[in-house]
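Peer 1: Okay, here's what each chain looks like letter by letter:
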Amino acid sequence: MIVVPCPWCGDRNSMEFRAAGESKKRPDVNTATPEQWRTYLYTKSNLADWVTETWYHRAGCRRYFAIERHTVTNEIRTSRLPAAQIRLDESKGS
Amino acid sequence: MSQNRRADRQAGEVIDRNAPVVFSWEGKNYTGFAGDTIVSALAANGVDIFSRSFKYKRPRGVLSASFHDPNCTVQVDDEPNVRGAHRQVQQGMTISPENVWPSLAVDVRSINQFISRFLSAGFYYKTFMKPQRLWPMYQKILGRFAAGGITSPNAEHGYFDKRYIHVDVCVAGGGPAGIAAAIAAAKAGASVLLVEEEYHIGGHLRYGGASDLQTLAELRREVAALSNIEVLTNAAVTARYDMNWIGVIQRQPDILVNGHQIHERLCKVRANTLIVASGLIERPYVFEGNDLAGIMLSTGVRRLLNLHAVLPGKTAVVFTANADGDACAADLKRAGLHVTIVDARNGENIVRATGGKRIKSVQLGDGKSISCDLLIIAVGWTANVPLLNMAGDRPVYDKDAARFFPTDRLPESVLVAGGLVGDGSTNELIAHGSSIGTNSAARSGFGSVVSIPSLARVQHPELYRSTTHGYVDYSEDVSSKDLFAAKKEGYDSIELVKRYTTVTMGPSQGKLESVNAVAIMAEAHGVSDFNTIGTTVWRPPYVPITLGALGGRGFENTRYSPMQSWHEAHNASPLVAGDWIRPEHYGDPSAEVANVRTNVGLIDVTPLGKLDMRGRDVAKLLNLLYVNKFLKLEVGAVRYGVMCAEDGVVMDDGVTGRLGENHYMMTTTSSGAATVWEWAENWLQTEHPDWEVHIAPVTTAFASINIAGPKSRELLARVVEGVDLSNAAFPYMNVRQGSVAGIADCFMWRIGFTGELSFEIHVPASYGLHVWETLIETGKDLGVGPFGIEAQRIMRLEKGHFIVGQDTDGLTVGFGADLEWCIKLDKDDFVGKPELNWQSQRSNYQRLVGLQPVDPNVVPTEASQLVEGTRSIVGRITSSRFSPTLKRSICLGYVEPRLAVPGTVITCQLPDRSRIQVTVMEGLAHFDPSGSRMKS
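Protein sequences, first through last, are from chains A and B.
Counting in the numbering used here, the first sequence runs from 1 upward without gaps.
Counting in the numbering used here, the second sequence runs from 1001 upward without gaps.
Isolated chain A (complex conformation) (with noise of 0.2 Å):
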């Protein structure tokens, strides 16, 4: 069991998360080609390499984040909150 840190709880067990995932971008509902849309659904790039993931602190602060995480040596360099959120936070700040 790896240890995540949580940008809002700081380092925890694996146990209390949910992974949820490399992190992805969603398609346009309503321009999305099939391919493109079961691409989003199915396909993970599964690198050897960093990935980036989404996680859910689900027995802590319920909250989402996106940690950077080298899928060999399970180094994990950066935590961060969603990228939805980020790019709200800058659009307000600017």
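Note that these hints are calculated values from the structure, not bench results.
Idealized CB from N, CA, C, for every residue including glycine.
Mixed in with the good hints there might be a few duds.
Claimed, not checked - From chain A, some residues computed to sit far from chain B (all C-beta separations above 12 Å):
| # | residue |
| --- | --- |
| 1 | 9 |
| 2 | 29 |
| 3 | 37 |
| 4 | 45 |
| 5 | 46 |
| 6 | 47 |
| 7 | 48 |
| 8 | 62 |
| 9 | 68 |
| 10 | 77 |
| 11 | 78 |
| 12 | 79 |
To be verified - Below, a sample of chain A positions facing chain B; criterion: calculated Cβ distance under 8 Å:
| # | residue |
| --- | --- |
| 13 | 32 |
| 14 | 51 |
| 15 | 54 |
| 16 | 57 |
| 17 | 63 |
| 18 | 72 |
| 19 | 82 |
| 20 | 84 |
| 21 | 85 |
Put chain B on the given structure of chain A with help from the hints.
Peer 2: Frame of chain A; chain B shown alone:
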């Protein structure tokens, strides 16, 4: 015959001669001393044989006198597979050999050894394949031969525990290096967990000479004086996972749980640094007759003699290649045995042991035979590397030292101390361990890093197999001949050979045998470098863990509604529904249905998921999550909604009501409450953080009661204040807030899962029982009665309301579940819209339909298949009941679209293979399709 093999007092003995222990073995009583292992107590009484071997049923004795001794597994009372050479004997234990037939002394199956050429490697695969019709017989016969004890279904319930431990440093192995590492780390200020497999720390110092014992006493004093070292003995580090997540199994710790002595405790350790100080395990030697009782490893003899004061024989031959073998010979001489040395360092060898149940003589390389009743093997060491494997290392073989050594592939958080690294005097091992301990503390910010003194790799002859063939794996009865045969048959990878011959796959998992297996494969291949053969990779667990320990103490939730005491007092039959315990019925579900259809009934629906949603943008969120529209829901109105996932599959359903301008209450299925909450939060947090919505889960904050039946309005009117219940003022699919039975802040909605006029009321949980009892009391003259889940399921099926998870599964698309009416593809965006859009343009999915068997008295089992001819499945039954209202059987099910035409008759195959006919109905509702009752 009382302890006739007990030696005089030994300097390091761990037995208490003032505490005799009486136990039974094979039905006879024996006496040992406290501190004896089962095997040492029996050996002190002259018992030589502890088991019959796995395949050939050969009599086997003690080899290493440790936990990993392969043939000392016994049954203790109700507990099978107890390691007899490790477990301490206790007063009153009933101990028996495992799987002997008819007895340990005479096992008729030992005839197997004379037909061993038919039982060679892979004989299971070769012999028992054909004909297939005999498989059940093979299984029965082979079952008799399989090793293992007996578990009684009447065994007493065992108690187990779990614990989490957070430390700076975890030390695996309490030998001199491990102890020194723990002391150094603790002195620097780190918190330390020291884990030792045996009952006492000390490792090989325990059975060493006077100076070893003195050093050990000093080390123990230092450990005891350091409050930041916790020592776990009779415990083992079973696994190391990423980021030093470490499993430790503690056997029989002196801990009570609810007044019961616990059997095992699984500790889950997170340590900043893991120090592996697991040392070396002595290796057996492969030669003819090497499994006879009386043939022991030098460390095994020294354990028996020096720790347990057992004389292992009278006339000993010591085959030695190292200082430990020499020390063993000295110990035996001191104890008065006649000792002959056969020195491998002078080129001497042993080729064959002969005897009956116990060794009688050994033949040397020069042809000479020596009579003896004890043969000691001291031919080298196996590095105990499983934890290094688990940390990612692949140790490398060094020919000169004749063993494997760790490489630099370990993560920074795993350090290695002591004998795994190299050889040295006790002081050198302690100095090495100490520096490793200091550096592990430095990793946690205590003190600073020091340089590590080197440990030399002392030259050792490579001694694996003599000129004869013998057993490699004592647990599985695999001989060197089997390994050569496997090579001949083309199995050249060690991993394949392992699986084919089962070498190293027995209870001892190759702790003693794995390097011998590699050496013999190298020999069979004619190569001298073991590294080209490779090794098998050790995986968790290092030692067996019982399922009880993995299960541990149960901490699962059990949830009850506030009305539980009433249900119990009224003979509710309990139904387990996820975490919840719910009333299934109160004796007669059909009568409960009849009462609801004619009078009025109450059902406890507290587990229904309830999410309180507030904020400016709740409607946008609802409009996104549900397939139907929610932007224009009026205050006071309620709407049924269905959620699909992004793949267009039905996910959950429920009703949502608008309580105020920016205040909504969503209900979910009982099982979907947690999922839907996380789902909603996901959309809010990762896609629409700009939306102002706050969600509070209030499932257990409210007790929920559905009042259903034609007299429900009359009943509720008697206890409600501030709400006009008339059909005009409070129509179907509306929500109102008011007080019920004197309790303010209740809300109630008119919905109709059962198909009857009904009001679902939600009251603050602490008043649930009060409101329930008031309704029961107030409605007596109306015939009010409780109804359970079963009656509700019957009534909803009569009405044709589907249940997510019962009438849908992970492949049920929205359009297949008869939801065309509520999927609004003209919405700009909602979850699953693209898939649902494409669904609407095709028709190749099965459709949910109402079905009625032609024979009204047959109720097809749920999940029965709908079939055409003998080979084609065209649908399935998802729900079926006998309807007390319609006096006939009714169903919901899925059929292929071409069959989803009212009046079509389809064949249904029941589990007993009989076939019935079912008719497709118009719509899903079998009863009151227009909904006149619930809208009345």
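Peer 1: So, against the hints stated earlier in the document, which numbers end up violated here?
Peer 2: Hints 2, 3, 8, 14, 16, 18 contradicted; others consistent.
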